[in-house]
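Chains B and A supply the protein sequences, listed in that same order.
Using our numbering, you'd call the opening residue of the first sequence number 35 and step up by one each time.
Using our numbering, you'd call the opening residue of the second sequence number 2 and step up by one each time.
Hints in this document: simulated from the structure, not taken from any laboratory.
Note that this is a predicted model, so its numbers are computed, not measured.
Careful, some of the hints might be misleading.
As a list, the in silico SDA-like pairs of lysine to any residue whose alpha-carbon atoms are at most 20 angstroms apart [unchecked claim]:
| id | chain 1 | residue 1 | chain 2 | residue 2 |
| --- | --- | --- | --- | --- |
| 1 | A | K7 | B | K497 |
| 2 | B | K497 | A | A54 |
| 3 | A | K7 | B | S306 |
| 4 | A | K18 | A | H35 |
The following label-pair restraints were derived from C-beta to C-beta distances [unchecked claim]:
| id | chain 1 | residue 1 | chain 2 | residue 2 | range |
| --- | --- | --- | --- | --- | --- |
| 5 | A | L56 | B | P535 | 28 to 34 angstroms |
| 6 | B | D588 | A | Q61 | 25 to 31 angstroms |
| 7 | A | L37 | B | P576 | 47 to 53 angstroms |
| 8 | B | A547 | A | H35 | 35 to 41 angstroms |
| 9 | A | Q61 | B | D302 | 20 to 26 angstroms |
| 10 | B | A254 | A | S36 | 41 to 47 angstroms |
| 11 | B | A591 | A | H35 | 30 to 36 angstroms |
| 12 | A | F17 | B | A567 | 53 to 59 angstroms |
| 13 | B | A571 | A | D62 | 57 to 63 angstroms |
| 14 | B | S600 | A | D57 | 32 to 38 angstroms |
| 15 | B | R414 | A | Q61 | 33 to 39 angstroms |
| 16 | B | P242 | A | F17 | 32 to 38 angstroms |
| 17 | B | H79 | A | A20 | 58 to 64 angstroms |
| 18 | B | D305 | A | D62 | 22 to 28 angstroms |
The following residues of chain B were derived to be distant from chain A, with all beta-carbon distances above 12 angstroms [unchecked claim]:
| id | residue |
| --- | --- |
| 19 | E51 |
| 20 | L81 |
| 21 | D147 |
| 22 | R162 |
| 23 | F173 |
| 24 | G439 |
| 25 | F522 |
Yeah, the Cβ is synthetic: ideal placement off N, Cα and C, and Gly gets one too.
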Amino acid sequence: MDRILRVNLTDLTTRSEETPAAWAGLGGRALTSTIVAKEVPPACHPLGPNNKLVFAPGLLSGTSASNSGRLSCGAKSPLTGGIKESNVGGTAAQMFARLGIKALVLEGVPQGDAWYGLRVTKDGVEIREERELVGSNNFAVLDVLEARHGKKAGVISIGTAGEMRVTAANISVRDPSGKLRSHGRGGLGAVMGSKRVKFITLEEEGAPGIQIADPEKFKAASRVFTKALMDHPVSGTGLPTYGTNVLVNILHEAGGLPTRNFTAGRFDGHDSICGETMHDTIVARGGKPRHGCHAGCVIQCSQVYNDKEGKYLTSGFEYETIWGLGANCTITDLDDIAMADSIMDDLGIDSIETAVAFGVAMEAGILPWGDGKEMLRILREEVGRGTALGRVIASGAGAVGRTYGITRVPVVKNQGIPAYDPRSVKGIGITYATTPMGADHTAGYTIATNILNVGGQVDPLRKDGQVELSRNLQIATAAIDSTGMCIFVAFPALDVPECLPALIDMINARFGAALTGDDVAELGKTVLKTERAFNMAAGMTPVHDRLPEFFRTDPVAPHNAVWDFSDEEVDAFWNF
Amino acid sequence: MLITVKLFAHFRNGRFKEAERTYPDGADCLHVIHSLDFTARDMGIVMVNGLHAALDRTLQDRDTLALFPLVGGG
Ligand code: SF4
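Given the sequences, and given the hints that come with them, work out the whole structure.
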């Protein structure tokens, strides 16, 4: 039976508990949000002793199911002040699952100044004081921990940004190539830093492994599921070839590519940063256009991007980062953006929040529009050294806007709005406004149906059908985030009829359960309602489910679209 | 009439990124698609002047037609 491991940093004790029956059917986001909602006082300070940081693999993590290796992390967010779940690839989720660990919960904060490293093995978790790696950034942490524990060990760590507890700090997870992936959003790295935990290592020697209740049924369902992933043009061909950055040209064309801190929907320099150019650059420099962020990913949307000399520069180089520093800050040199991606990974800050913050900083005149070299200097010398300016930028777009008196600050619940303009792609505006996570495109990716013609077509410029679309996708996403599946399985799931039933069959075969599609939808609804209730108890109201005012008053070219939903129309999202 | 045609992702292979091409008055999207040796089934997203368009949409002089295979990201 899987266990819950608890680490109390206040008195430096650990405990292993049987999983309560009520949590047995939960994994990933469903479990992190349930534990946070039950055990964290909603009004607590996110960096204080009453917040908890919860890691949970998904229901199917550790099995041979394609794309099931995502790890969820949850807490009260220091960025939004609400509940947060962020999930990531890498090797840790599968190791947690094979070690029979349903969740790892970090509680309390240490009394003194010491920092700690946690070591998770089949025997439980050990707390050790850490001196050597304090003050180091992620790449150095990965190197040292590889030397200590070998190439196979899982690593979860924070960089110096997490040590400084800035609200854009993220948590990194080692990937199969020895590089890293990030629990990007919501400042979870600051929560880990507040607990003075520099890293967690995982070793799976002697692990009990995964028991599958009905292996034959599991294998059969897994085959159908994998085939659906491979056959769908988006997950089978488009994503592996061009990565997520194929979206630059699509959103540019549709007029939904936020440019110059959300003042336009098209970017003249789009060709120099687009997925097609990136693909050709990667191939010409001997990089890898396709790469998986965890073992068992058959889609492989990730890549390895080399510099002009053909040396490794960065990987997991995503559309949102490229959009954020590219179109949104009008930087056209893809190598500068790749270098920034690498520095942000090393420092451990969210590349979406930081890019949106740079857009506001450029509007404030802190650095010129499009100045990639100055952006890199600020990342290295200000953020990296923790100067006052560096800490303001690494506290996100909202902090920059407040500090410099800017009104065009694209945030919801203080979290930076990612790469799709809600005026010209209205469904995603509903998701940004209503998701309990703060502006988050992954919470209900209406771009699929608004722009990409996946799962039908809903006109991106009209209001009709958007609330319903966002609601259905948010419910489905909350459920998928609980399975440990990468969200990109949603593309085939929306179009290929046998895909979702196969996913449910795999869960049933794994646990000997008899879930139906309705049960899975119910799970998604329960997760959303649990998260919303936490936010309300933390002091949020429906007024927090609003987009910034400027989206109503400033039309965005080329379609001159504005955000025109009434408050009542937005609030109707919650009618389920 | 003059139509600006833009191609994306693997549609560019062996063709072009962007070209101004002349078509007979009244030609629709499908006409252009066929002129480039694509079929309707190859199409993921078709936009005319930045708006999603049906394949039988009639084009006007100086329109921009953008053709994407089914691709996505997130
Ligand atoms: S498709 Fe991309 S994000 Fe999803 S698991 Fe694979 S590499 Fe990771």
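Consistency of the hints with the structure:
For the hint pairing K7(A) with K497(B), the CA-to-CA distance comes to about 28 angstroms; that exceeds 20 angstroms, so the pair is violated. Taking the CA atoms of K497(B) and A54(A), the gap is about 18 angstroms. The hint holds against a cut of 20 angstroms. In summary, the hint linking K7(A) to S306(B) is supported, as the alpha carbons are separated by about 16 angstroms, within the 20 angstroms threshold. At most 20 angstroms may separate the alpha-carbon atoms for a hinted pair to count; K18(A) and H35(A) meet this at roughly 17 angstroms.
The beta-carbon spacing between L56(A) and P535(B), approximately 32 angstroms, falls within the hinted interval of 28 to 34 angstroms. Taking 25 to 31 angstroms as the suggested C-beta distance range, the pair D588(B) and Q61(A) conforms, at roughly 29 angstroms. With their beta carbons about 50 angstroms apart, L37(A) and P576(B) fall inside the hinted range of 47 to 53 angstroms. About 51 angstroms separates the C-beta atoms of A547(B) and H35(A), a value inconsistent with the hinted range of 35 to 41 angstroms.
For the pair Q61(A) and D302(B), the beta carbons lie near 24 angstroms from each other, so the given range of 20 to 26 angstroms is met. For A254(B) and S36(A), the hinted distance range of 41 to 47 angstroms is satisfied, since their beta carbons lie about 46 angstroms from each other. Between A591(B) and H35(A) the Cβ separation comes to about 32 angstroms, which falls inside the hinted range of 30 to 36 angstroms. About 54 angstroms separates the C-beta atoms of F17(A) and A567(B), a value consistent with the hinted range of 53 to 59 angstroms.
A C-beta distance of roughly 60 angstroms is found between A571(B) and D62(A), which places it inside the suggested range of 57 to 63 angstroms. The beta-carbon spacing between S600(B) and D57(A), approximately 35 angstroms, falls within the hinted interval of 32 to 38 angstroms. At about 51 angstroms, the beta-carbon gap between R414(B) and Q61(A) misses the expected band of 33 to 39 angstroms. A hinted range of 32 to 38 angstroms for the beta carbons of P242(B) and F17(A) is inconsistent with their spacing of about 58 angstroms.
Under the hint 58 to 64 angstroms, the C-beta atoms of H79(B) and A20(A), about 59 angstroms apart, fit the expected range. Between D305(B) and D62(A) the Cβ separation comes to about 25 angstroms, which falls inside the hinted range of 22 to 28 angstroms. For E51(B), the condition that its CB be more than 12 angstroms from all CB atoms of chain A holds, with the nearest at approximately 36 angstroms. The claim that L81(B) is not at the interface with chain A holds, since no C-beta of that chain comes within 12 angstroms of its own (minimum 30 angstroms).
For D147(B), the shortest C-beta to C-beta distance to chain A comes to about 41 angstroms, beyond the 12 angstroms cut-off, and the non-interface label holds. In this structure R162(B) is separated from chain A by more than 12 angstroms, as the shortest Cβ-Cβ distance comes to about 38 angstroms. Remark: the non-interface label on F173(B) is consistent with the geometry, its nearest Cβ contact in chain A lying 26 angstroms away (cut-off 12 angstroms). For G439(B), the condition that its CB be more than 12 angstroms from all CB atoms of chain A holds, with the nearest at approximately 34 angstroms.
Some Cβ of chain A comes within 12 angstroms of the Cβ of F522(B); the nearest lies about 7 angstroms off, and the non-interface call is violated.
Checked against the numbered hints above, the structure breaks hints 1, 8, 15, 16, 25 and satisfies the rest.
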